[in-house]
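**Q** Which chain is which? The protein sequence lines are A, B and C, in order. Counting in my numbering, the first sequence runs without a single skipped number right up to 353 at its last residue. Counting in my numbering, the second sequence runs without a single skipped number right up to 353 at its last residue. Counting in my numbering, the third sequence runs without a single skipped number right up to 353 at its last residue.
Incorrect hints may appear among the rest.
Copies of one chain are not kept apart here, so a pair can be met inside one copy or by any two copies together.
No farther apart than 25 Å at their CA atoms in a straight line, the calculated lysine to any residue pairs in the SDA-like style are these [what the hints assert, rightly or not]: (1) Lys158 <-> Ser209; (2) Lys3 <-> Ile216; (3) Lys158 <-> Thr170; (4) Lys274 <-> Ala60; (5) Lys158 <-> Thr173; (6) Lys3 <-> Ser209; (7) Lys3 <-> Gln91; (8) Lys158 <-> Arg223; (9) Lys158 <-> Ala234; (10) Lys158 <-> Gln172; (11) Lys3 <-> Ala60; (12) Lys3 <-> Gln67; (13) Lys5 <-> Val165; (14) Lys3 <-> Tyr61; (15) Lys158 <-> Ile171; (16) Lys158 <-> Val242; (17) Lys3 <-> Val165; (18) Lys158 <-> Leu69; (19) Lys274 <-> Ile101; (20) Lys3 <-> Ala97; (21) Lys274 <-> Leu57; (22) Lys158 <-> Ser41; (23) Lys158 <-> Gly180; (24) Lys158 <-> Glu43; (25) Lys158 <-> Ile283; (26) Lys158 <-> Leu299.
To be clear, the hints were calculated from the coordinates, so they are not data collected in a lab. None of these values were measured; they are calculated from a predicted model.
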Amino acid sequence: MPKVKAAVGVIDTLLRGVGQVMLQNNPMTGLLFLVGIFLNSHEYGLTALLGLVVATLAAAYLLGADQTLIRNGRFGFNGVLTGITLSVFLQWDWHVAIYIILGAIVSSIVAIVSTIVMMGLAKLLIDWDMASLTAPFVLTAWLLLFALYQFGQLHPTKLIHPMLVRPGATIQTGLQEAAGGGAVGLTAVNLANALFRGVGEVFLQDNLSTGVVFVIAILVNSRTCGAFALLGSALGGLTALVLGGDGVAIYHGLYGFNAVLTGIALGGLFLVLKWRSTIYALIGVIFSAIVFAAIVVALAPIGMPAHPPFVLTTWVFLLPMAGFRALERVSVAECASTSSLVRLRTPELTRAE
Amino acid sequence: MPKVKAAVGVIDTLLRGVGQVMLQNNPMTGLLFLVGIFLNSHEYGLTALLGLVVATLAAAYLLGADQTLIRNGRFGFNGVLTGITLSVFLQWDWHVAIYIILGAIVSSIVAIVSTIVMMGLAKLLIDWDMASLTAPFVLTAWLLLFALYQFGQLHPTKLIHPMLVRPGATIQTGLQEAAGGGAVGLTAVNLANALFRGVGEVFLQDNLSTGVVFVIAILVNSRTCGAFALLGSALGGLTALVLGGDGVAIYHGLYGFNAVLTGIALGGLFLVLKWRSTIYALIGVIFSAIVFAAIVVALAPIGMPAHPPFVLTTWVFLLPMAGFRALERVSVAECASTSSLVRLRTPELTRAE
Amino acid sequence: MPKVKAAVGVIDTLLRGVGQVMLQNNPMTGLLFLVGIFLNSHEYGLTALLGLVVATLAAAYLLGADQTLIRNGRFGFNGVLTGITLSVFLQWDWHVAIYIILGAIVSSIVAIVSTIVMMGLAKLLIDWDMASLTAPFVLTAWLLLFALYQFGQLHPTKLIHPMLVRPGATIQTGLQEAAGGGAVGLTAVNLANALFRGVGEVFLQDNLSTGVVFVIAILVNSRTCGAFALLGSALGGLTALVLGGDGVAIYHGLYGFNAVLTGIALGGLFLVLKWRSTIYALIGVIFSAIVFAAIVVALAPIGMPAHPPFVLTTWVFLLPMAGFRALERVSVAECASTSSLVRLRTPELTRAE
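Work out the full structure, taking the sequences as your base and the hints as a guide.
**A** Have a look at this one:
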């Protein structure tokens, strides 16, 4: 039944695209991520699917991109994030659908640009592949969101609020659900929320249960990655607590998600863990929480979200490996094999199933 | 008469410099562009000439740059744009003349930097030449304009107006000449203005007749480029209309000029047109209008103009060609031969005339 | 006495780290720089030392970086600047100490990134080494400072003041110590302050005597560098005076420090001086004062300091050398030998002392 096989191949490709948002090349992980998103919101789930399908189709049919990259979900994941992000920050409308379709196509084009540039850099600087991570999503989503102030048909949600920074402003640092709401302080409930919402926010899902499902989804693929996701979320939130970050932001996982991805990338995937590289990964995770705060400030005058850029910290911390005797990098091939379903990756093996 | 020949060579070089603003390596096109600018304003025409001459002289005598690049006007065009831009956004004064001279020299230095970086990237990433486009102008003009707030001797014109973005602000979307002035809506006059001013704004010339002369100037060199210039202006404006952009901005061609250049670059010059690459070019043109809006917003807090950066879209859309089976790129040599006067290019042939 | 020798080696390494802030690979220069800083403020001196030691230790023990680079102080100087900058713009507190330690470590990581990228670019674009200058400090310090608005435990000093730019704002252009204080105008005292504070501000030291000590410190290593430091400070201030810059800012050397470093780099170190390259270096110095003003404006909405970025001008002006027949570059080896104490550089020679 070649049709069934083809359909399985397509679904496998799409689910890997969802999994790749957290660098997990595994369709089961991708499926659980989708479950987690729908658990939080049908709208976000549907826009994630729209972005996923359009970005993948654009790569395959409009752009004629490399088949192996497509099958590993390397185009889908930027579309997923672009779709969710535009629906989180814009009120739903058919203009938003057009915007997502355009954004998903452009994100695939930018993904190819990134792949070429990264391959070039890899050849030049270092002898291993440097992932472009979510950079295509970051560039595309930011440009599309910035533009919304100029377009009367696009209506921002309440999450978009420009603000003038004031050096003397008081920051409320009590960990809590909302300004003036819920128990305040380091209670078990508050800490659990900060921890799991931090994982959920990687997909912009501000929801405790979704975060729990996401952690399970990562554990299905790799225990190391799951552990570093939780460690990242915890350490990101802790950094903000120590430095006196806003308690509501910490509760909702905003200091966590960047640290989650940095933790997975540095701790779980790309570095061989010894004592030096573990310290190195932890410094990267702490710094990623500060980078998040810095980008919030940089974008405050136009009120744009700082969700995108974990890529900055990860790139900065991955590049030096060529120059550090103390660090050793996992080759990408080994990384990939952390996936228990990696045998599905090549076309031949997919067909063989 | 070697003196006459030398003078012809110099004038040829300078006129090509004007033509290169729209990627047209043709002295007749450059001459008509100049006519169009003087038609709109003697001041802008003179500052364009000042920038043109200084940038070309700096490249030839101070920097000793490559003769062939100089003769093809590859240094002059950044000077032209720097000169016009500084005179559009600053009130005329002898300080502005110094500023333009400095800016034109620096733009030639940056042009050499760009050429070197692009040649390096070309060697590394791709096997063809990647144009640096107007990037040198963008960097130079932005730095010089940003600085004006710090300098009491430089007085901005009314076009510089910082503004705080507000998510709920109403945008008037009726196509019209001015807020509260002229017929409102999709009238033939309004549409013609949007279309041709979009071409005029490439040189920052907000003038219907100038736009018409510019279109003729491009057609003199290449019918394909002329068609894509008009198509770009139309599609850029249409994108803004559909998304609810400001009607006055659309009327004055502000959504057009970026799209014009992107259209010429992607549709007219660098891609072999088949159905896939045509869709690709059109997506690039649509996206360039959104990028314009995004940069307006990013610069709104300091009130700086978003005129410069069509380069961003074009680079992003040109780079992937190495990775797309579906796209085929025109070699730069072929591109150049779209110019009917290309025989003037090499020193020997110039002398032979 | 191997212990004494080791201690001398460590001190030599640390002092070179201070000297490298102004590209002077000379421990005596570094020592005098430290004297100048302590002369102005014990707090800044101590935070400079904290940053210096942490950045150097991180490079040596955590990151296992190249020994020769470490011994030449190539990691220490970014730590010095990070330490001083964070203590200048944040009120002292144990959180600031943590912040400086984190910043110093990250600056060393970024320094390794820069070195790798620059070596790659050097291989690709040009056949000589391109210095990463203070780029690691710039990136690290900006991110750490931007973030302070989000953290209640970090309290900015009065030097941090966001401001909305206004095109019509009057700028007081009289050279003077403070708004409404001291003699106004081009008096000898005011000019001397502008000149020497310009050199002092390279280390963010707004102090006349410190500036004088710094000039002596540079002259100890190289008369050419000392002359270009003074010329840079003078020309930077003069550019601002001609264009009508704020007289208080000029008095306190804010238009000087960028120009000082650009002058040392272009005039003193990297270019063989002939008439063309001298003009070229002077244009670079003038432009660096304008770049400073541009970055002040770009960061005005969030009130962040524009101290960091002389690197931009210097990179832009150094890169073209590969393409300019008129310019000739000093090789890095020759540069280094401008240091009279260069024999201390290699491990063997250090031990031999």
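**Q** All hints, please: hold or fail.
**A** Hint check:
no.: 1; hint: Lys158 <-> Ser209; in the structure: within (23 Å within a copy, 44 Å between copies)
no.: 2; hint: Lys3 <-> Ile216; in the structure: neither (32 Å within a copy, 55 Å between copies)
no.: 3; hint: Lys158 <-> Thr170; in the structure: both (22 Å within a copy, 16 Å between copies)
no.: 4; hint: Lys274 <-> Ala60; in the structure: between (40 Å within a copy, 17 Å between copies)
no.: 5; hint: Lys158 <-> Thr173; in the structure: both (22 Å within a copy, 23 Å between copies)
no.: 6; hint: Lys3 <-> Ser209; in the structure: neither (36 Å within a copy, 60 Å between copies)
no.: 7; hint: Lys3 <-> Gln91; in the structure: neither (38 Å within a copy, 68 Å between copies)
no.: 8; hint: Lys158 <-> Arg223; in the structure: neither (37 Å within a copy, 48 Å between copies)
no.: 9; hint: Lys158 <-> Ala234; in the structure: neither (27 Å within a copy, 33 Å between copies)
no.: 10; hint: Lys158 <-> Gln172; in the structure: both (20 Å within a copy, 22 Å between copies)
no.: 11; hint: Lys3 <-> Ala60; in the structure: within (18 Å within a copy, 59 Å between copies)
no.: 12; hint: Lys3 <-> Gln67; in the structure: within (19 Å within a copy, 61 Å between copies)
no.: 13; hint: Lys5 <-> Val165; in the structure: neither (56 Å within a copy, 52 Å between copies)
no.: 14; hint: Lys3 <-> Tyr61; in the structure: within (19 Å within a copy, 58 Å between copies)
no.: 15; hint: Lys158 <-> Ile171; in the structure: both (20 Å within a copy, 18 Å between copies)
no.: 16; hint: Lys158 <-> Val242; in the structure: between (29 Å within a copy, 23 Å between copies)
no.: 17; hint: Lys3 <-> Val165; in the structure: neither (58 Å within a copy, 52 Å between copies)
no.: 18; hint: Lys158 <-> Leu69; in the structure: neither (37 Å within a copy, 51 Å between copies)
no.: 19; hint: Lys274 <-> Ile101; in the structure: between (44 Å within a copy, 22 Å between copies)
no.: 20; hint: Lys3 <-> Ala97; in the structure: neither (30 Å within a copy, 64 Å between copies)
no.: 21; hint: Lys274 <-> Leu57; in the structure: between (41 Å within a copy, 19 Å between copies)
no.: 22; hint: Lys158 <-> Ser41; in the structure: within (17 Å within a copy, 45 Å between copies)
no.: 23; hint: Lys158 <-> Gly180; in the structure: within (18 Å within a copy, 31 Å between copies)
no.: 24; hint: Lys158 <-> Glu43; in the structure: within (16 Å within a copy, 44 Å between copies)
no.: 25; hint: Lys158 <-> Ile283; in the structure: neither (34 Å within a copy, 30 Å between copies)
no.: 26; hint: Lys158 <-> Leu299; in the structure: both (16 Å within a copy, 22 Å between copies)
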